[in-house]
Amino acid sequence: MTNKNTATRNSVWASLGLLALFLVGWEWGPGLLNIPPYIIPTASSVYFEFIRAVGHEQLFYHSWITFAETAIGFILGALLGMVIGYILGISARAEFILSPYILALQIAPKVAFAPLFVLWFGYTLYPKILVAVLIVFFPIMVNVLGAIRTVDPDLINLARTFSASRWQIFRMIEFHDALPPLFSGLRIASTLAVIGVVVGEMVGGNLGLGFLLVFGEGAGNTALVFVTIIMLTVVGIIAYGGVVLLEKKVLHYLPKKDYAPV
Amino acid sequence: MTGSPDIRIEYRGVAKQFAGNSLKDGGEEIIQAVKDVDLKVADGEVVSLIGPSGCGKSTLLNMGSGLYLPSDGEVYVDQEKVDAPNPHVGFMLQKDLLLAWRTIQKNVEFGLEIQGIPTHERHERSMDLLEKCRLTGFENHYPHQLSGGMRQRAALARTLAVDPKVLLLDEPFSALDAQTKMILQQDLAETLSAEKKTALFITHDLVESVALSDRVFVMSARPGTIIEEIDVSLPDRANPMARRQDSQKQIGEYVAQLMGLLHVGETATEIQI
Numbered sequence: 001m002t003n004k005n006t007a008t009r010n011s012v013w014a015s016l017g018l019l020a021l022f023l024v025g026w027e028w029g030p031g032l033l034n035i036p037p038y039i040i041p042t043a044s045s046v047y048f049e050f051i052r053a054v055g056h057e058q059l060f061y062h063s064w065i066t067f068a069e070t071a072i073g074f075i076l077g078a079l080l081g082m083v084i085g086y087i088l089g090i091s092a093r094a095e096f097i098l099s100p101y102i103l104a105l106q107i108a109p110k111v112a113f114a115p116l117f118v119l120w121f122g123y124t125l126y127p128k129i130l131v132a133v134l135i136v137f138f139p140i141m142v143n144v145l146g147a148i149r150t151v152d153p154d155l156i157n158l159a160r161t162f163s164a165s166r167w168q169i170f171r172m173i174e175f176h177d178a179l180p181p182l183f184s185g186l187r188i189a190s191t192l193a194v195i196g197v198v199v200g201e202m203v204g205g206n207l208g209l210g211f212l213l214v215f216g217e218g219a220g221n222t223a224l225v226f227v228t229i230i231m232l233t234v235v236g237i238i239a240y241g242g243v244v245l246l247e248k249k250v251l252h253y254l255p256k257k258d259y260a261p262v
Numbered sequence: 001m002t003g004s005p006d007i008r009i010e011y012r013g014v015a016k017q018f019a020g021n022s023l024k025d026g027g028e029e030i031i032q033a034v035k036d037v038d039l040k041v042a043d044g045e046v047v048s049l050i051g052p053s054g055c056g057k058s059t060l061l062n063m064g065s066g067l068y069l070p071s072d073g074e075v076y077v078d079q080e081k082v083d084a085p086n087p088h089v090g091f092m093l094q095k096d097l098l099l100a101w102r103t104i105q106k107n108v109e110f111g112l113e114i115q116g117i118p119t120h121e122r123h124e125r126s127m128d129l130l131e132k133c134r135l136t137g138f139e140n141h142y143p144h145q146l147s148g149g150m151r152q153r154a155a156l157a158r159t160l161a162v163d164p165k166v167l168l169l170d171e172p173f174s175a176l177d178a179q180t181k182m183i184l185q186q187d188l189a190e191t192l193s194a195e196k197k198t199a200l201f202i203t204h205d206l207v208e209s210v211a212l213s214d215r216v217f218v219m220s221a222r223p224g225t226i227i228e229e230i231d232v233s234l235p236d237r238a239n240p241m242a243r244r245q246d247s248q249k250q251i252g253e254y255v256a257q258l259m260g261l262l263h264v265g266e267t268a269t270e271i272q273i
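Line order of the protein sequences matches chains A and B. With our numbering as the guide, the letters of the first sequence map in order to residues 1 to 262. With our numbering as the guide, the letters of the second sequence map in order to residues 1 to 273.
Chain B extracted, bound-state conformation (with noise of 0.2 Å):
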């Protein structure tokens, strides 16, 4: 894991502060949204990060995607410094963030034509993902017509589209209902293994967090910082089904020990109280 060509992300020391509510003294309140951040993922690896409501990953992820820059330390993505948005680098949020006024196909092609493109090129790229994303027949509709699972399969075949090295996913499937969400699961798992992926994404939803992913990071609340990293120890992460279905009791152990360090457990209790 630490074979260091073979890092695709790579947080060194990283903070973040932002600028909060003015104070009567007239200085500024400063929030240290996150702060010591140094987390490595390796090519291929799907590592998940999860923690407290407002612990700041999704200022991280936005750090990894270029959006934001860190106010200390710095993040790598292939090596390279990550100073600027840049196309290794795939993004995929919650929110669909589908363009009404554009085709599903229109949509999946957002960033190739951005990049400048050619239409044929554009063309067989969007068909060939809408396929894998089993989409095909739906590539003449709008957003308007599909359902959220759609949806947010012709939001993960933008993000392919562009054929990023690097996928940062910020709770791409919170949206969903249950059942969307295994089978959208399902499909994330299998493309990132298919197409050899590196993915690093946000969720609060800790059994997704163990059946999809190698490792997971635990955040602590803000200003947050990494507390621990669990190596998941389970056969079938390119098939989540068949790791939910074969390994229930030790994904349980799992999701007991990530409960416990997020004190989840207790604040239930206080709640009930």
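Just chain A, with the same shape it has in the complex (with noise of 0.2 Å):
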């Protein structure tokens, strides 16, 4: 045990080691190499430059605003790609007719279709939301329907032979057997949905943090365009971060992996 607690110490350690080595790297490296701060400003400009957008650009309110589309997009598109992928993976049928489309509209890439909803929705919150949908729901809808597709047929029979019906098989079996990978996705999408909205930012509107990347580019403000990706990798954080800890709550009764220290 305390091999074990030394060895994460350790670690801890050349973590933080790490960070400060590319801080260090950071603010001076730049000068020495004759590097100009619009193309990569220091350190210490960019922390002032987002003390700065605190006060005179609504950072926070901006961060906010992308954290929500990004919430309500997500949280949409997972439960319509669950819901798909549920139906999907019980009636072959229904994928066969439909997997042609599903599959076409899965290589099209969902950021292009911003623009569109843009021109449909306006400059609202809408087309932000509508792009984290589609880009959250596949790797959703994949996952739940390979997960059912792959279901042991043991345990289907078992079910038969107590006489369930396709309902309680479903409920009791299929449903359950499904999560693991499901989680998978949600992890996958909620990365995916901080993409989704920051590109239906950045095409309309003047809102949120993609509305602050284009507004910064615009402005040779290149400390904000820093400060405001540092926003969205945090935002995606917080995403996934969620994901995480509902996952360790609905998935408890999996054994916990013991990973072997280095």
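Think of the hints as simulated: they come from the structure by calculation, not from any bench. Treat each hint with caution, since some may be false.
Listed next, the in silico DSS-like pairs over lysine-lysine satisfying Cα-Cα at most 25 Å (straight line) [claimed, not checked]: (1) K249/A to K106/B; (2) K40/B to K248/A; (3) K40/B to K81/B.
Take each chain as given, in its own frame, and dock them per the hints.
The structure is reproduced here in structure tokens:
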């Protein structure tokens, strides 16, 4: 136990050391290499830009808008992906009929729909949410569908020997059996949702971190672009973390993976 | 053995074909899994079914449980023709098939829940069976927290929970280590005898078939059919440990006979050369 703790502590120190090295390199590296600040602003100038943006550019408000759009788009897209995934999983016929169209839609780059949605819904929150829904939908649907297809047939037969109805087989076996792959889909989708929203914001409107990115670019304010990228990462981390927390709660019955300390 | 009201399981001229690979001429290869199977199991009997791999033993059992229908002939459980899965038949496989997201108790109650038995009754029944299967104290554990033997005991409790008249067991112990297996055989034999259940079970373990059953059916290679029926006239069917100890010599003779019927020795010689 003590050994393990020492190993963990060493790893944490190594990780923090790497961060310090990175910050030092960022602060003084560009100067040494004669890279102008409009290409790579120093760490400190990004920090001061952050403080300024919080006061003058409503940075937190924009972050909140992006987060809210991400969350709404993610939840709607996830629900839709789950429902369609379960339906296609259960009905081989529905899958056969719909799969070519779904495949086509999956291959189409979802962010390309952003301008179209702006044309339809104007400079509102809806186009952003819609892009997120579209981009989140596929990994979740594909994972759920795949999981239902690979449920152990002996489990289904077991339920059948107890004279289970089709609905009982779904509710008591297939639904639960598909949850672990569903959560891997949700993890991927949570980061994709941020991409969908940002692209939507970049295309139109004057709200959200995507707007701030374009605004910073137009003003030649490289530091603001850096700040916005960092805030976007934070939004992504929160979304991802939320999924991981939920996963721990829902899939509590799975054996804990014991990672051997290196 | 032939008094018909006491017959629990009966196979009458059962055959089963499956569609195999598509052939070049556009037709389909037909695989004859089993043919002309006639067998009867009387009330309270424990009968085992042995035969080479792929001879259709599992197919026979699946037809008994109603999961497949025979291509020819009929299967009767309690004089009733089996044409769909039904609550008279309990089914148990080599895999324990415990649901990872349910506690052990919830797993035992699985069949009862499907059948819509009220919660308090389910609870009572599962606690009683967990005690019989020596799993008291583990009711709130999840399957991955139990050993293979305990998991299989939980699977047995789940099978017994719906109180089937007939148990069909498909190599229930073959995934367990030798010692756990003997303990579970003992548990099963005692339970079957105490609950007066009728059982038909498949095994690859010749000693197991002799130690646990009243009769042994021997099947041929595919297309599988029954080539021999052996009465095990040994005492202590409800206590295989005692049977193993007291009738070692006779068990050895039965096993030798079964090996002869299955050509076990001959294959071994071929391999040695």
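For each hint, the structure was consulted:
no.: 1; hint: K249/A to K106/B; in the structure: 19 Å, holds
no.: 2; hint: K40/B to K248/A; in the structure: 51 Å, violated
no.: 3; hint: K40/B to K81/B; in the structure: 14 Å, holds
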